[in-house]
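Asker: In the order they appear, the protein sequences are chains W and A.
So the first sequence is numbered by my numbering: it starts at 1 and just counts up by one.
So the second sequence is numbered by my numbering: it starts at 1001 and just counts up by one.
Since the hints were made in silico from the structure, they are not lab data.
Among these hints, one or two may not hold up.
As the list claims (entries may be wrong) - Derived contacts from chain W toward chain A, CB cut-off under 7 Å, selection only:
# : residue
1 : Trp71
2 : Leu75
3 : Leu111
4 : Ala112
5 : Val201
6 : Ile206
What the hints assert, rightly or not - Pairwise CB distance ranges, derived in the manner of DEER restraints:
#  : chain 1 : residue 1 : chain 2 : residue 2 : range
7  : A       : Ser1012   : W       : Ser207    : 27 to 35 Å
8  : A       : Phe1076   : W       : Gln149    : 20 to 28 Å
9  : W       : Gln149    : A       : Gly1083   : 26 to 34 Å
10 : A       : Leu1023   : W       : Gly59     : 42 to 50 Å
11 : A       : Val1021   : W       : Arg34     : 38 to 46 Å
12 : W       : Trp121    : A       : Pro1049   : 26 to 34 Å
13 : W       : Pro92     : A       : Pro1049   : 18 to 26 Å
14 : W       : Asp4      : A       : Ala1043   : 49 to 57 Å
15 : W       : Val74     : A       : Ile1020   : 15 to 23 Å
16 : A       : Ala1054   : W       : Val18     : 36 to 44 Å
17 : A       : Leu1023   : W       : Trp98     : 25 to 33 Å
18 : W       : Trp98     : A       : Ala1054   : 27 to 35 Å
19 : W       : Leu2      : A       : Ala1043   : 47 to 55 Å
20 : A       : Leu1023   : W       : Ile57     : 42 to 50 Å
Said to hold, decoys possible - Residues of chain A placed beyond 10 Å of chain W at every Cβ, according to the derived structure:
#  : residue
21 : Thr1002
22 : Gly1005
23 : Tyr1022
Positions of the beta carbon are idealized from the N, C-alpha and C atoms, including for glycine.
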Amino acid sequence: MLSDALLEQLTTTPLFAVALTLTAYLIGMAIFRRLKQPTWLPAVLIAALLLAVFLLISGLHYTTYQQGAAWLSVLLGPATVALGMPLYQQFPRIRELWRPLVVCLPVSASLAVVYAVGIAWLMGLPDTVLASLAAKSVTAPIAIGITQQLGGSIPLLMGGLLITGVVAIAVVSLAAKWMKISDERLIGFALGLNGHAIGTVRAFEISPTAGAFASLGMSLTGIFTALLLPLAWHFIG
Amino acid sequence: MTALGGFLWLVSFWLIGEVIVYLTAIPVSSGVLGMLLLSITLALRGGVPDTLAAAAQPLIALLAMLIMPGVVGVFFVAGELGGQWVAIIVSLMLGTLLSVLTTLWLMRHLMRGQNVK
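For reference, chain A alone in the conformation it holds in the complex (with noise of 0.2 Å):
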């Protein structure tokens, strides 16, 4: 059962995200910002509680099941783009080639001198 503590603790960041998302209506999501907040807070506080990581170890595992639903819909939308759809896949695929290798290089060029393996 120590994994329902650690599960209210990530619900709970989430909420809080909730919440500073309603007060200041800045674009992030409430996720992203809970996932902020916990680890400042892990930081501050000085080591994870067993509880969270119980909790947490295993939904990390689970990732990419809990963004199959959005995937799937996917497929049903193609029929909407009209003959738009190579010029669409080309600039994403291309676009993504292009941004891949800027980071990678740019990041290998900044690291120099950090011992990049």
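The shape of chain W in the complex, shown without the other chains (with noise of 0.2 Å):
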């Protein structure tokens, strides 16, 4: 839609691709809240599929709008470092809770690894998809270095971990209700464990202490996975 020139006028500076990414996120936000904040459909999903709409109508490659974003994406090091504080200030809480979680999390941690790759085999996928699916539940960063070393495709993993993000959010509402549990602890540990960067932002959505508890299930999952992982896919394998 947008001629070639304009386009490459527009991308020499990445502030192009931060409007862009603004403009799609505070849509998305506004849509999101005009819908009654479903959980099945988060703000980032509506707010990315917004951007990948646009790209596509208007002709701008994904990796060029990439490099101006990451103008913005940079500052997800810092962020998750952030995170530190609620951390911290849950302290208290966490230790009331401190035997629950260590026995919880590699159990759950692990199980999250077995069900979807033991799913994906039964199903006849092939190695190179089965090693890219293995760290779905881990944060972004920790899980692209966790694939390179069992061989597995990022871009791949990247689609794993947008659908298992928004599928534990939705699960862990649903299942919630059902199960008449509404422990913020409870309910954010599930989060993060299960929905990494994507169920803890659910989970600060519901309050401080389900972040704090996202944030730790977060974190813990993913150096768990990381350390352990590789090592149980080489014996496996």
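Using the supplied hints, reconstruct the complex from the two chains, each of which is provided in its own coordinate frame.
Answerer: Rendered as structure tokens:
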């Protein structure tokens, strides 16, 4: 839709990509609120869909957009570090629950891998696909490292992360209702453990306590999986 | 301008994470290492400085926007999967459903007697 010359002019600085990202995010948030915050359609997915449609229509290449948007995504590092603050503020409540957390984490984080890879294997998917799906519940920067070690495909992993995050949010909210669980600590932990950053964002929408337990679940799952999955893969594979 | 000092805290902890990853070659990201180091530092120090809170709060609120550019890329790889995408989506959805149910059930079971609401 936009002429090549205009696109080239606009993308000489990262500001066009930054403006696109902010616009898509703000519109995505507005639609999300208008739809009464559906758990099956998080704001980040609405915004990403809007942006993908714009890229398709305008003819702007994803890689060109991504290079500009890197000026924003670089903040993901300090933003992840920032999660250390709510984590610290919830230390007393985490300490109360240290025993269940310590038992649940290795079991749940292992099963998150085993269930998905097991089902994929039963359905006859090839080894490279299995390797790409194994780290699906781990936060992106760690999951990329794991997937490289296992010999999986990074784009496929990114798709797996998105689906896992969105499904985790929806299932946590449905299952919590069904199992009559309203404890924010438990819901937050399940969101972070299974739904990585997407689940953690959702947990902060619920409450700071849920958010802190999600940060804890996300970081511990990341560390546990990064340390043990490549080793386990080596022995089984 | 108070947020600026706090932002420097966050960036510094991320950089410390990078140095640790470089020195030890552990397969964990610098962001997650920085998060854990920050929470430990705050515990030792006993309290959150105002400057840090001023920077951390808005950044956490923007987390969804910061992961968005990566999510957009997902829509441009679907073509590479051939006919496997149904099996892939089924394993991801079913796997996640099972692991969420396991986590909730197991945590509730383990938290028995800890006044779960």
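Asker: Work down the list of hints and note, for each, if the structure agrees.
Answerer: Structure-based check of all given hints:
no.	hint	verdict
1	Trp71	violated (10 Å)
2	Leu75	holds (5 Å)
3	Leu111	holds (5 Å)
4	Ala112	holds (4 Å)
5	Val201	holds (5 Å)
6	Ile206	violated (13 Å)
7	A:Ser1012 - W:Ser207: 27 to 35 Å	holds (29 Å)
8	A:Phe1076 - W:Gln149: 20 to 28 Å	holds (25 Å)
9	W:Gln149 - A:Gly1083: 26 to 34 Å	holds (28 Å)
10	A:Leu1023 - W:Gly59: 42 to 50 Å	holds (45 Å)
11	A:Val1021 - W:Arg34: 38 to 46 Å	holds (42 Å)
12	W:Trp121 - A:Pro1049: 26 to 34 Å	violated (50 Å)
13	W:Pro92 - A:Pro1049: 18 to 26 Å	holds (19 Å)
14	W:Asp4 - A:Ala1043: 49 to 57 Å	holds (55 Å)
15	W:Val74 - A:Ile1020: 15 to 23 Å	holds (19 Å)
16	A:Ala1054 - W:Val18: 36 to 44 Å	violated (22 Å)
17	A:Leu1023 - W:Trp98: 25 to 33 Å	holds (29 Å)
18	W:Trp98 - A:Ala1054: 27 to 35 Å	holds (30 Å)
19	W:Leu2 - A:Ala1043: 47 to 55 Å	holds (52 Å)
20	A:Leu1023 - W:Ile57: 42 to 50 Å	holds (47 Å)
21	Thr1002	holds (15 Å)
22	Gly1005	holds (13 Å)
23	Tyr1022	holds (13 Å)
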